[in-house]
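K.L.:
Spelled out, the chains give:
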Amino acid sequence: MSYLCLENVVKTFNKTEVVKKMNLEIEKGELVSFLGPSGCGKTTTLNMIAGFLEVDGGKIVVDGKPVHLLPPNKREMGMVFQNYALFPHMTVFDNVAYGLKLRKVSKAEINQRVLEALEMVRLSGYEKRYPKELSGGQQQRVSLARALVIKPKVLLLDEPLSNLDAKLRQEMREEIVGIQKKVGITTIFVTHDQEEALAISDRVAVMYEGRIEQVDTPAAIYNHPQTDFVSRFIGEVNHIQAEVMESNDDQPCKVSFDGYQQVLSHHVPKGVLSEFYLRPEKIQINLENNQGLKVLVERKMFLGSKTRYIFLNNNQYLFADISNTVFNPDQIKEGQEVLAVWNPEDLLPVKK
Amino acid sequence: MQADMEIKQEQELLYEQKKKKSTRKKLDSWLLLLPTLAIFIFFFVLPLFFLFITSFKTFDASSGIGNDWTLQNYVKFLTDTFYLGVLWRTVKIGLITTLAAIAISYPVAYQMTIAKGRTKNYLTLLVLSPLLISMVIRCYGWVILLGNNGVINNALVKLGLIDQPLTLLYTEFSVVIGMVHVLFPYMVLSIMGSLERIDPSVIRASQNLGASPIRTFFSVVLPLTLPGIFAGSVMVFSLAVSSFVTPAILGGPQVKLMSFLTYEQVTTMLNWPYGSAIGFLLIFIATITIIVYSKLLAKSEKGVAIQ
Amino acid sequence: MRKKLPKFSLHFFCLLVYIFLAAPIVVVLLSSLTTTDYIVFPPKGITFKWYAELVNHPEFMQSFTLSIIVAFGTSIIATIIGTMASIAVVRYEFKGKSVITQLVGSPLLIPSVVFGVALLQFYSWIGIAASPIALVIGHIILTIPFVMRLVVASLVGFDRSIEQAAMNLGAGSLRVFFQITLPIIKSGVIAGAIFAFITSFDDLTVALFIVSTDVVTLPVRIYTYMQYQYDPIITSISSIMILLTVVLMVVIERVLGVGKVFASKN
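Chains as they are written, first to last, in the numbering used here: chain A, 43 to 394; chain B, 193 to 499; chain C, 355 to 620.
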């Protein structure tokens with residue numbers, strides 16, 4: 043059995059199920075992100091794990107013991123809140139020491155552990171400050187120290203970076219992962235930011251409408267989405283259609299994208315239009331021969347290391363991101379016709 | 193099969209626990225409310241209810257409250273010109289007080305709105321401090337100032353403007369002065385609230401379109417603060433008609449208002465039923481004002497929403 | 355120049371208003387210093403003999419003590435039960451909530467004189483004699499609306515994730531209330547307590563109906579005394595009351611800051 047298990051967990055608000063029979067197993071020391079659009083049930087699930095919401099069905103088991111009937115103060119989980127939730131009337135030291143005092147730890151040990159925790163989040167020397175005297179990033183670190191100092195079984199992070207500006211956010215997320223790996227604590231990280239989730243997680247649980255759509259490593263989520271929602275939600279995709287030319291059982295099949303013919307390794311039923319997703323960075327421009335999909339360059343946008351091209355084919359837009367070191371954007375002009383090409387392995391079949 | 197049973201049992205257990213929790217929550221909220229509610233029901237709702245009943249009883253010279261039911265107390269008040277005169281005077285003084293309060297509050301509220309930082313804090317303290325000082329004492333100060341031998345009369349006589357001291361005290365004038373003094377902070381707070389909500393860019397926009405400051409004030413600022421003036425007026429009016437201390441000290445028996453009449457009927461005439469009836473007519477006036485106000489407010493808010 | 359004029363007239367007008375506001379209070383304070391046996395303003399000479407004279411009027415001192423006791427009792431009880439009720443109203447959903455909120459707010463709408471009469475009738479029927487407790491009960495009703503307004507205002511803006519954080523760290527609900535919630539809403543609660551104290555200490559209307567010959571609060575004592583006497587002793591006891599209020603106000607200012615108290619009042 044895994045360290046943290048959700049078994050058929052259900053949550054109902056006013057007769058609508060916002061979390062539907064959820065199952066998830068998390069190993070000890072693992073960092074798992076809950077990723078999904080707002081209203082997908084990720085925060086609700088986190089609050090059920092923390093104990094702020096009661097489960098309406100199913101079980102939550104930590105380290106072999108069911109915890110879903112315990113009140114939040116008996117669950118031994120550290121939580122970092124979106125708005126930090128520091129105690130405004132206590133100093134940084136007292137904020138971090140609060141959980142230890144409740145556990146009747148000796149004064150000397152409290153002192154030592156608080157200072158260690160503050161050092162870990164690089165806030166040594168800030169003990170006497172009050173929360174309102176700290177910047178957002180510093181408050182977030184106090185919040186992290188406060189959650190970790192009690193050595194909780196599980197660390198819960200509820201969109202911890204969403205109130206920080208972009209640059210700080212990136213710094214903080216690296217710091218959080220660093221600390222998490224150092225301490226080796228089992229962690230759940232709730233976010234709606236996919237870049238964040240892909241960058242820091244051991245595994246990502248993509249959630250939609252109260253269900254987990256897919257739990258997998260970031261690379262697997264990106265490259266092998268298992269559901270239609272995951273394909274559309276993670277990264278950007280072009281939605282393209284092909285005509286199936288030739289298809290025999292157990293044989294590779296031939297398809298045609300408006301005349302651009304490709305051989306697919308997997309089987310597609312013949313005679314129907316088949317739909318695929320294709321990521322913009324998988325598309326290249328072919329100036330050498332006449333292979334490829336004929337497209338009109340509607341616009342090109344210089345984005346630093348790469349250029350985004352907006353192609354038009356039969357009233358259908360196609361986005362392509364091409365590295366400027368691979369292809370010099372000056373070679374083509376807006377309004378020109380070019381050939382777009384891609385590897386058939388990069389096509390993601392649309393799952394209905 | 194057995195696993196199914198287990199799941200079912202577990203679900204039932206969960207359900208039971210949930211039920212217990214929600215009843216506990218309900219119990220918590222009622223326990224928190226209990227002391228306040230108990231005091232209010234026993235010492236506020238019940239006494240007022242009994243007094244309401246009393247107002248429909250006949251007068252009995254020996255015990256104050258007779259045994260028979262009657263509407264006579266209300267009829268008597270509403271048909272007697274003397275009592276109707278008191279009612280009219282109460283409303284009139286309420287209206288004059290309200291208008292006077294608007295006139296002197298607006299500039300002060302405006303000054304406080306444009307003031308900054310410390311000055312603003314001190315002005316707030318200055319304006320609100322009368323609220324905190326005993327009403328009896330403040331009214332007594334006006335007695336000293338307005339009396340026949342008071343500062344104002346003495347000054348006027350010395351300046352040769354008058355030969356005989358004017359009768360200022362125990363008049364409608366002195367009552368209005370006292371009431372404005374007591375109720376003015378409510379009006380300032382209310383007007384200030386709406387002045388502060390005005391977006392400064394609206395004023396700049398008006399001036400940018402070529403309006404003079406005075407034109408801007410009358411066509412932009414004043415209309416935007418009408419809700420504040422209105423809310424303040426309702427508060428001041430309903431407090432003025434029901435106030436007792438100020439008219440008792442600065443008006444006395446010479447300037448009888450509804451509240452004083454209630455007091456007099458109960459304590460000196462010992463006519464409890466009649467005193468109660470007057471009291472409930474007073475409640476009626478104050479409540480009607482508030483109800484009309486909130487109806488109008490709801491209407492105007494709808495109007496705003498449509499715009 | 356033309357631009358300055360409206361601003362100048364605004365400030366001048368406001369100055370007159372402030373003089374109007376301060377006048378009766380200043381007059382009471384200064385008249386208490388007169389050497390004459392009757393009240394006169396401006397005072398003739400300066401003396402503190404009317405303060406010393408209070409020693410010969412133990413009834414004033416008795417009333418003063420009574421008023422302080424009643425105001426203290428009212429303030430403490432109204433603040434505790436009013437805070438409890440505020441929590442119920444803000445934090446819980448239950449049937450009849452709006453009726454209850456209106457009920458506890460209604461003493462602001464009911465003329466105090468009517469409430470005083472009603473209470474007097476009720477007390478005499480059930481046989482409660484004039485006593486500090488009888489006064490405290492009446493004053494609790496008068497002050498609960500103020501306490502609840504202030505406490506509710508500080509609870510409404512309360513970020514509940516702070517409480518969740520404490521629970522998450524292992525605190526039970528009572529501990530969360532006393533160690534986290536109460537310290538954070540402290541300013542609203544203290545402001546409520548002070549308002550309750552002042553309202554009770556100043557109340558004449560309701561007390562006038564409840565007092566008896568030996569249980570007389572200070573405002574009632576002053577009111578009845580000035581019906582018959584015109585000597586400066588009334589101004590000296592009044593001055594003491596004013597100074598007490600000023601001290602309380604300085605405490606408010608120090609502890610909470612004026613802006614804060616009155617901002618939360620709206």
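Simulated from the structure, these hints should not be mistaken for laboratory data.
There may be inaccurate statements among the hints.
Below 20 Å or equal to it, Euclidean Cα-Cα: the simulated DMTMM-like pairs (lysine to aspartate or glutamate) are [stated by the list, open to error]:
{"id": "1", "chain 1": "C", "residue 1": "449", "chain 2": "B", "residue 2": "260"}
{"id": "2", "chain 1": "A", "residue 1": "348", "chain 2": "A", "residue 2": "278"}
{"id": "3", "chain 1": "A", "residue 1": "57", "chain 2": "A", "residue 2": "118"}
{"id": "4", "chain 1": "B", "residue 1": "217", "chain 2": "A", "residue 2": "96"}
{"id": "5", "chain 1": "A", "residue 1": "174", "chain 2": "C", "residue 2": "585"}
{"id": "6", "chain 1": "B", "residue 1": "218", "chain 2": "A", "residue 2": "278"}
K.L.:
Would you mind marking each hint as holding or not holding in the structure?
P.N.:
These are the hints, each one checked on the structure:
| no. | hint | verdict |
| --- | --- | --- |
| 1 | 449(C) with 260(B) | violated, 39 Å |
| 2 | 348(A) with 278(A) | holds, 15 Å |
| 3 | 57(A) with 118(A) | violated, 30 Å |
| 4 | 217(B) with 96(A) | holds, 13 Å |
| 5 | 174(A) with 585(C) | violated, 56 Å |
| 6 | 218(B) with 278(A) | violated, 49 Å |
The structure fails to meet hints 1, 3, 5, 6 from the earlier list, while all remaining hints are met.
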